[in-house]
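Asker: If you want the building blocks of each chain, they are given just below.
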Amino acid sequence: MKNLFWGLSILLLASPSLFAETLTDVNQIIQKSNLASYYAGDDGRTQARMIIVDSQGNKQMRQFTILRKDKADLGDQEMLVFFSRPSDVNGTVFRVTKKVNSDDDRWLYLPALDLVKRISAGDKRTSFVGAHFFYEDVSGRNPAEDNFTLISSDNGLYTIKAIPKDLTTVEFSWYKAEIDTKTFIPMKVTYFNEKDEAIRQMQVLDTQVIDGYTTVMHSKIIDLTNDSFTEMQFRGVQYNLGIEDNIFSERSLRTPPKQWLR
Amino acid sequence: MNIRFKHHLFISLIILILSSQTTFAQETVNKRDLSSDNEKKIKNTLTNDAWADDVWGDDAWAEEQKSPWALRGFIEVGYGTFTQDNIIDATQSLSELTTRFEVDYQHDSFDIAAKADVRYDDVLNKTLWDTRELNIAFSPLNNLDVKLGRQVLTWGTGDYLFLNDLFAKDWQSFFSGRDDEYLKAASDSIRTTYYSHGITFDLAWTPEFTSDKYLTGERFSFYSPQALQQVSPASDFIVNKTNNPQWSARLATSNNGIEYAIYGYHGYWTTPVGSKITPTGQMAAYFPKLNSWGASVRMPLVSGIFNAEYAAYNSSEDYAGTNPFIANSQHRILLGYESEVVKDLTTSVQYYVEKTRQYHNLIQSSSTPNLLVDEYRQLLTLRLTYMTMQQKLIYSFFSFYSPSDHDGYIKPSITYRYSDQYRFSLGANLFFGQEKYSFFGQHQTNSNLWLRAKLTF
Numbered sequence: 024m025k026n027l028f029w030g031l032s033i034l035l036l037a038s039p040s041l042f043a044e045t046l047t048d049v050n051q052i053i054q055k056s057n058l059a060s061y062y063a064g065d066d067g068r069t070q071a072r073m074i075i076v077d078s079q080g081n082k083q084m085r086q087f088t089i090l091r092k093d094k095a096d097l098g099d100q101e102m103l104v105f106f107s108r109p110s111d112v113n114g115t116v117f118r119v120t121k122k123v124n125s126d127d128d129r130w131l132y133l134p135a136l137d138l139v140k141r142i143s144a145g146d147k148r149t150s151f152v153g154a155h156f157f158y159e160d161v162s163g164r165n166p167a168e169d170n171f172t173l174i175s176s177d178n179g180l181y182t183i184k185a186i187p188k189d190l191t192t193v194e195f196s197w198y199k200a201e202i203d204t205k206t207f208i209p210m211k212v213t214y215f216n217e218k219d220e221a222i223r224q225m226q227v228l229d230t231q232v233i234d235g236y237t238t239v240m241h242s243k244i245i246d247l248t249n250d251s252f253t254e255m256q257f258r259g260v261q262y263n264l265g266i267e268d269n270i271f272s273e274r275s276l277r278t279p280p281k282q283w284l285r
Numbered sequence: 002m003n004i005r006f007k008h009h010l011f012i013s014l015i016i017l018i019l020s021s022q023t024t025f026a027q028e029t030v031n032k033r034d035l036s037s038d039n040e041k042k043i044k045n046t047l048t049n050d051a052w053a054d055d056v057w058g059d060d061a062w063a064e065e066q067k068s069p070w071a072l073r074g075f076i077e078v079g080y081g082t083f084t085q086d087n088i089i090d091a092t093q094s095l096s097e098l099t100t101r102f103e104v105d106y107q108h109d110s111f112d113i114a115a116k117a118d119v120r121y122d123d124v125l126n127k128t129l130w131d132t133r134e135l136n137i138a139f140s141p142l143n144n145l146d147v148k149l150g151r152q153v154l155t156w157g158t159g160d161y162l163f164l165n166d167l168f169a170k171d172w173q174s175f176f177s178g179r180d181d182e183y184l185k186a187a188s189d190s191i192r193t194t195y196y197s198h199g200i201t202f203d204l205a206w207t208p209e210f211t212s213d214k215y216l217t218g219e220r221f222s223f224y225s226p227q228a229l230q231q232v233s234p235a236s237d238f239i240v241n242k243t244n245n246p247q248w249s250a251r252l253a254t255s256n257n258g259i260e261y262a263i264y265g266y267h268g269y270w271t272t273p274v275g276s277k278i279t280p281t282g283q284m285a286a287y288f289p290k291l292n293s294w295g296a297s298v299r300m301p302l303v304s305g306i307f308n309a310e311y312a313a314y315n316s317s318e319d320y321a322g323t324n325p326f327i328a329n330s331q332h333r334i335l336l337g338y339e340s341e342v343v344k345d346l347t348t349s350v351q352y353y354v355e356k357t358r359q360y361h362n363l364i365q366s367s368s369t370p371n372l373l374v375d376e377y378r379q380l381l382t383l384r385l386t387y388m389t390m391q392q393k394l395i396y397s398f399f400s401f402y403s404p405s406d407h408d409g410y411i412k413p414s415i416t417y418r419y420s421d422q423y424r425f426s427l428g429a430n431l432f433f434g435q436e437k438y439s440f441f442g443q444h445q446t447n448s449n450l451w452l453r454a455k456l457t458f
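Going line by line, the protein sequences match chains A and B. Per my numbering, the very first residue in the first sequence carries number 24; after that it's consecutive. Per my numbering, the very first residue in the second sequence carries number 2; after that it's consecutive.
Hint data in this document are derived by calculation from the structure and do not stem from the laboratory.
To be clear about the criterion: a stretch of chain B counts as covered by chain A if any three or more of its residues have a C-beta under 8 Å from a C-beta of chain A, and this derived list gives those stretches:
hint, stretch
1, 144-155
2, 292-304
3, 387-401
Each computed DSSO-like pair below joins lysine-lysine, with the alpha-carbon atoms no more than 27 Å apart:
hint, chain 1, residue 1, chain 2, residue 2
4, A, Lys188, A, Lys218
5, A, Lys140, B, Lys214
6, B, Lys412, A, Lys140
7, A, Lys188, B, Lys344
8, B, Lys277, B, Lys437
9, A, Lys82, B, Lys393
10, A, Lys218, A, Lys184
11, B, Lys277, B, Lys242
12, A, Lys211, A, Lys55
13, A, Lys122, A, Lys211
14, A, Lys281, A, Lys94
15, B, Lys344, A, Lys199
16, A, Lys211, A, Lys188
17, B, Lys344, A, Lys140
18, A, Lys218, B, Lys344
19, B, Lys277, B, Lys356
20, B, Lys214, B, Lys277
21, B, Lys344, A, Lys184
22, A, Lys140, B, Lys393
23, B, Lys344, A, Lys82
24, A, Lys122, B, Lys344
25, A, Lys199, A, Lys211
26, B, Lys242, B, Lys290
27, B, Lys344, A, Lys211
Each residue gets a CB set at the ideal place from its N, CA and C atoms; glycine is no exception.
Please work from the sequences and hints to get the whole structure.
Answerer: Right, here's the structure in full:
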């Protein structure tokens with residue numbers, strides 16, 4: 024009887040979408056969304072590729088593999104990004120220790136010089152390797168930086184307005200996030216300037232459930248001021264691999280951990 | 002090949018590369034008014050291109066990870082010219098066509114890397130082969146990495162300033178405007194790295210001493226304190242080489258985002274800063290023995306990165322500093338700070354001091370004391386990097402200025418990444434100084450402008 028009870032509880036906890044009720048606490052929605060977007064599993068691995076298209080239609084490509092490990096859900100994270108394409112960046116490795124309560128630590132390994140360069144945490148809203156994705160889009164914007172208001176919850180979406188607490192650190196005035204009520208994945212995020220004109224938009228184009236986690240497989244960021252955009256696709260996504268802590272170190276920059284990159 | 006023909010060759014190559022692409026992308030970002038029909042515009046953007054699958058072009062993920070073999074490379078043309086009359090024979094500071102071949106082989110238990118350049122160097126009128134890498138890397142133990150063979154080695158915290166990094170540098174490439182990659186020369190070495198409890202221990206053994214590619218007078222002239230004038234001896238620059246080994250070691254760890262390292266080196270000065278009489282009675286330059294130790298720290302500080310490094314150079318053949326023909330021992334100190342001050346604009350500053358340790362003895366024994374460097378030679382450097390157009394256009398400025406030598410060196414450049422395959426850059430190496438014998442001042446006539454075009458494959 025007791026076992027049945029536990030079994031039911033686990034079932035309920037593991038699949039909240041089955042009995043999803045509409046949430047009204049905006050901070051709870053944001054927390055769940057942050058968890059779903061950036062903290063799936065205790066660790067994870069994915070291959071990714073981006074196509075960067077400028078306003079003239081010129082294309083650039085990036086291909087890389089990401090390894091991630093969480094120190095705690097909604098807490099600090101370790102991340103490694105191994106670039107394989109284009110050929111002039113092959114072997115370049117980007118390492119981040121994402122810190123919730125202070126600046127991230129960031130390193131870049133340049134294989135041609137055997138150089139481990141430390142990068143200042145600086146502006147997180149700087150292009151990630153030339154893409155329309157910012158560093159912050161890749162590693163997640165800290166929810167503590169915005170004030171949120173729930174505007175509506177219909178059509179399976181929570182529509183939330185977010186206003187940055189410090190406008191000097193961002194290039195927008197506010198943004199609107201449309202979050203799936205079942206998966207808590209933000210399906211569309213639109214950034215507006217001070218004239219309330221949409222200037223930038225992130226869209227999720229495809230998701231898949233992998234190991235029980237709803238995972239973004241294809242997304243896109245458009246610069247609405249000139250119609251340039253970047254699309255990002257993922258494949259080979261895996262969670263809870265048991266990646267050791269010591270993989271996230273300087274050693275992996277010079278000697279990429281093959282067992283996790285296949 | 003006469004000079005005119007060579008110029009034609011060079012110009013044809015540039016045209017070839019330029020013409021194979023359509024016009025340059027122009028940054029015509031017209032800020033449109035989106036206030037009236039935001040949603041419509043967003044929808045339009047979507048229907049126009051977002052859902053088209055062919056946006057990925059070949060639509061294939063690069064499969065290189067599946068094959069153990071990877072082949073890469075590039076073709077690059079470079080051209081540079083002196084901005085002033087120079088006593089060097091050549092009129093160009095750079096005129097070359099380089100082809101890079103790179104082959105990697107990945108096995109479960111080892112990696113093989115081969116990387117070589119074939120360069121037709123018009124300044125020297127020669128075709129040269131340069132092996133940048135030819136090594137095997139493996140991990141014989143869980144916490145031990147070994148890389149054996151020709152490789153590029155780097156450590157330390159300086160930006161264009163080296164204290165504890167005594168691995169070979171290529172100053173000729175640096176001065177002529179080649180890619181930064183070439184500043185580090187390759188050496189035939191064995192590097193072992195041992196990891197334990199968050200501590201990294203590196204030991205690099207270079208069985209046969211590998212010097213810097215220093216200035217010989219072949220490409221760039223320099224001041225001779227013996228001749229008391231600018232010289233370009235080229236092949237007449239006699240340097241006695243040693244075949245003895247170099248040892249470099251580093252012990253590194255980090256705590257709370259602060260990186261600490263200590264270093265040791267046992268070998269030789271990497272430029273020929275000594276001279277002695279050969280058995281044949283000639284005066285020849287050579288590489289005196291050098292031992293050094295040092296330490297560094299690198300850490301985040303107010304949204305930037307702070308670094309400090311120290312090195313003690315013991316010029317062991319002349320520890321007392323009384324032999325004017327052997328470089329004196331030194332203390333080297335570096336402080337640096339880098340920060341992204343404005344979005345996409347990174348600024349870094351460094352302050353560097355080189356203290357001659359037996360300065361009094363040096364002055365006393367020198368026949369040309371008025372040409373000597375100050376006891377505390379100081380340098381300030383400034384680096385500005387501004388990236389725009391989705392980081393495709395990069396403006397870079399680097400300057401050295403010595404308040405003690407009253408001289409300096411400015412390295413501005415602009416790099417345009419037209420696509421993943423094509424990259425164009427132009428820049429300059431500009432030297433100035435009050436005195437014609439000082440560290441940078443002597444290179445005033447070596448000042449040059451350069452441009453490069455690169456096709457990566």
